[in-house]
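Colleague: Sequence:
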Amino acid sequence: MTLTPATEFVTYTLDNQVATITFNRPERLNALLPDMIHTYSNLLDFADADPQVRAIVVTGSGRGFCSGADLSILGTDPELVQGFLNGQSHRTVPGKYLHLSTPVITAINGPAAGLGFVIAMSADFRFAKSDAKLSSTFARLGLIAEYGIAWLLPRLVGLARASEILISGRTFTGQQAAEYGLVLSASDDPLSAAYECAADLVSNCSPASMAVIKAQLVRGMNAQFNESADDAFVEMGHAFGREDLAAALRGKIDGVPPQFPSN
Numbered sequence: 171m172t173l174t175p176a177t178e179f180v181t182y183t184l185d186n187q188v189a190t191i192t193f194n195r196p197e198r199l200n201a202l203l204p205d206m207i208h209t210y211s212n213l214l215d216f217a218d219a220d221p222q223v224r225a226i227v228v229t230g231s232g233r234g235f236c237s238g239a240d241l242s243i244l245g246t247d248p249e250l251v252q253g254f255l256n257g258q259s260h261r262t263v264p265g266k267y268l269h270l271s272t273p274v275i276t277a278i279n280g281p282a283a284g285l286g287f288v289i290a291m292s293a294d295f296r297f298a299k300s301d302a303k304l305s306s307t308f309a310r311l312g313l314i315a316e317y318g319i320a321w322l323l324p325r326l327v328g329l330a331r332a333s334e335i336l337i338s339g340r341t342f343t344g345q346q347a348a349e350y351g352l353v354l355s356a357s358d359d360p361l362s363a364a365y366e367c368a369a370d371l372v373s374n375c376s377p378a379s380m381a382v383i384k385a386q387l388v389r390g391m392n393a394q395f396n397e398s399a400d401d402a403f404v405e406m407g408h409a410f411g412r413e414d415l416a417a418a419l420r421g422k423i424d425g426v427p428p429q430f431p432s433n
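Numbering follows our numbering, with no gaps: position 198 of the sequence shown is 368.
It should be emphasised that the hints constitute simulated quantities derived from the structure, not laboratory data. Since we're looking at a predicted model, the values are computed, not measured. A couple of the hints might just be wrong.
What the hints assert, rightly or not - Pairs of lysine-lysine residues, derived as DSSO-like cross-links and limited to a Cα-Cα distance of at most 30 Å, are as follows:
#1 LYS384 - LYS422
#2 LYS266 - LYS384
#3 LYS266 - LYS303
#4 LYS303 - LYS384
Generate the whole structure from the sequences, applying the supplied hints.
Modeller: In structure tokens form, the structure reads like this:
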């Protein structure tokens, strides 16, 4: 059995082809230490490389999702601050979602702030607890829009709303996030919503198709329409050459979920 790179503070489980990564410092609202960011990055790669994993759910233990970097510790240890700034994991984690083949789903079960907010927003699918408190916080800490969130947020909700969220650094609720279009839904149980979404992907969607469509979306963000259409024609040719289409057709004929090959 392959050992995961999980630790006490960032845990990993696999069930029904859904990997769950959980930030696990509930007494600190899952505030991040440099080693936790490194572990999280490794776990994303670990899950993405496992052919048995068809969806990744990310959440937090206790009453929080992730309150960002643990400023109480970083503020007392200059070496930790320097290590945090010099580390590569915290620079690449938010953008890593864009390059994973496996869909990532965040269940925002409580406060998500700073880097925790960026991690929550960077996923392919996002579900929030209705009363969860969300905030970029950067402007209120004398910082800047970090980790690529200034690139991502306008693409999610438009420049006007992104400007308001980032420049003000104000706190808003999961319900408001749903109204803004930042999350797919707000409810009392975002983890159940995330698992329901993951189960649907596992049962009904081709891993190869999901991976290709994710890549198409990323490429299309900065492409002209004709470039995106040409890209689609190329990918369509590849799709017709894979077993996945035949598996989907057999499933429809037999009235059963398709048995897609692993990606």
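Colleague: Are there hints from earlier that the structure breaks, and if so, what are their numbers?
Modeller: none
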